[in-house]
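Trainee: Going down the list, the protein sequences come from chains G and S. FYI, numbering that gives the first Met the number 0 numbers position 97 of the first sequence as 96, with every residue one higher than the one before it. FYI, numbering that gives the first Met the number 0 numbers position 138 of the second sequence as 137, with every residue one higher than the one before it.
Just so you know, these hints were derived from the structure itself, not from any lab. Ideal Cβ placement from N, Cα and C applies to all residues, glycine included. Hints may contain errors.
To be verified - Pair by pair, the computed Cβ-Cβ distance ranges are:
no. : chain 1 : residue 1 : chain 2 : residue 2 : range
1   : S       : Val124    : G       : Gly239    : 43 to 49 Å
2   : G       : Gly246    : S       : Gln164    : 31 to 37 Å
3   : G       : Tyr112    : S       : Arg81     : 48 to 54 Å
4   : S       : Arg175    : G       : Thr142    : 41 to 47 Å
5   : G       : Asp103    : S       : Arg81     : 42 to 48 Å
6   : S       : Val124    : G       : Leu243    : 50 to 56 Å
7   : S       : Leu89     : G       : Asp103    : 29 to 35 Å
8   : S       : Arg188    : G       : His138    : 36 to 42 Å
9   : S       : Pro155    : G       : Val57     : 23 to 29 Å
Now for the letters of each chain:
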Amino acid sequence: MATGYLSLIVLLPIAAVVASAFSGGMSASWSAATSPVALSALKLTLISAALVTVINAVMGTLIAWVLVRDSFPGQRIIDAVVDLPFALPTIVAGLTLVALYGPDSPLHINLAYTGTAVFMALLFVTLPFVVRSVQPVLHALDTEMEEAAVSLGASSATTFRRIILPNLLPSILSGTALAFARAVGEYGSVVLLASNIPFKSQVMSVFIFGEVENGSAHAAAAASVLLLVISLAVLLAIRGSARLARGRR
Amino acid sequence: MTLKRPARFGLRAIALGYLGLLLLLPVGLVFEKTFAQGLSSVWAALSTPAAISALWLTLEIAVIAVVANTVFGVVCALVIVRGRGRARWLLDLVIEVPFVISPVIVGLSLILVYGTTGWFGKWLVAHGIAVIFNPLGMILATVFVSLPFVVREVVPVLREVGTEQEEAAATLGASRLQTFLRITLPSIRWGLVYGIVLTTARALGEFGAVIVVSGNISGQTQTLPLLVDTRFYNFDSTGAYTAGALLAAISIFVLVIMTMTAPDRRRL
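Next up, chain G with everything else stripped away, as it sits in the complex:
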């Protein structure tokens, strides 16, 4: 029953996308999916996602550290706030970004219709992934090794780099993999502020949406397959290195 449900809900539709991408008029749909507009959207998507992923790896680990190893009043509330991007609908996330960085920004920063808007939206929606994957590991981490390192004269920086980081690395990597996957496919939070200016602020999911709206389902399917293959490759690479890091430990 489980397999049947999953096949009907998930596998069948995906099979339809792949079939459509490779069916009749194949050259036409692939030339649309690899047109300069599409490639520029793909480039913006991948660069923003990669940048956001790197920032998440650093900031996510830092936030997890502060939530686990520090203690201050209101910590539990801050811990809950981290989940806000998971709970908030993406369109509301988009709206909050318009309020803050839109044409009448209270900070006088207008990012409407820019690639930076894409970056800000992705930063917002991917924030919890690394925090939530590092937090439990950091909490379970025995402090004995660290204490030994410190008592042998290692500085805080050395202890972090040589003892703590290697232990956290697998969880940091698996969190970044999820963040990257989410960033590559994100639509709702991006579309309001960044809109869909080709060569400037159009990401791949917005490009695909446009193709669907124009009735070019085959081109949309070809672009989808392209995006899926690339993000799967990156995901597998990150997962693979997480496994390597775990093995070395």
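Given the coordinates of chain G, work out where chain S should sit on it, guided by the hints.
Mentor: Okay, now just chain S, sitting in the frame of chain G:
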């Protein structure tokens, strides 16, 4: 490793500043923009027929998706953890797909299967069943994107509780249903509740997958997230912020339940 005071305060300040600037400031601003217009205009924006119908449709779709994915999620978790079939690892892998795939691609895939020119298009038209641009399609899209949460929360709990108690119950003559209701279900309840809360949050707020298959007709196939989008593009910013604030209020409520039911994150 105990950091010196300045280092500790420095890290704390960076973390809190980052969260404040990135999350709290923008979300707070939406509420500020909503209520800056005065309560009467908030009420006016929420009590239009379009807004009321959008709220109901959003809730209906969410309830259906949550029920379907809860039942499926528990069965699927049982198959993954307790099953013996060879396809288990495949199931474990496919479960992750909705997390990795763009919501827009989800919508497109449903059009390709259930649209008039899609795989089942002719058959559906012949039998008078409308999926795409109808609530049925929106339900399918929502079920797709919110599918993994229950499975992912229940699987680790099931692994941890083991099978000893279930075996004991079976030895003492309990039927499979009795064992499930009396032993398995109570032991996974917290993981299950957390999974359901996450499913609900995602189902209430789904935008990308739903807008592709909805047609976005006010009063018929428009959910709250779609209403926010429509009002925004019609330059009705008060209306957009109000509908957005309503959704944000619902998600903050969900967040509170999430915090109360979350399995203690400090432990693995």
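Trainee: Compare the structure with each hint and give your call.
Mentor: Hint check:
Against the hinted window of 43 to 49 Å, the Cβ-Cβ separation of Val124 (chain S) and Gly239 (chain G) comes to about 46 Å, which satisfies the hint. For the pair Gly246 (chain G) and Gln164 (chain S), the supplied restraint of 31 to 37 Å holds, since their beta-carbon distance comes to about 34 Å. Under the hint 48 to 54 Å, the C-beta atoms of Tyr112 (chain G) and Arg81 (chain S), about 52 Å apart, fit the expected range. For Arg175 (chain S) and Thr142 (chain G), the Cβ-Cβ distance of about 45 Å falls inside the hinted range of 41 to 47 Å, so the restraint holds.
Taking the beta carbon of each, Asp103 (chain G) and Arg81 (chain S) are about 56 Å apart, not inside 42 to 48 Å as hinted. In this structure the hint that Val124 (chain S) and Leu243 (chain G) lie 50 to 56 Å apart at CB holds, the actual value being about 52 Å. For Leu89 (chain S) paired with Asp103 (chain G), a C-beta distance near 51 Å fails the hint of 29 to 35 Å. For the pair Arg188 (chain S) and His138 (chain G), the supplied restraint of 36 to 42 Å is violated, since their beta-carbon distance comes to about 23 Å.
Here the CB-CB span from Pro155 (chain S) to Val57 (chain G) is close to 27 Å, well matched to the stated 23 to 29 Å.
Going through the hint list in order, the structure does not satisfy hints 5, 7, 8.
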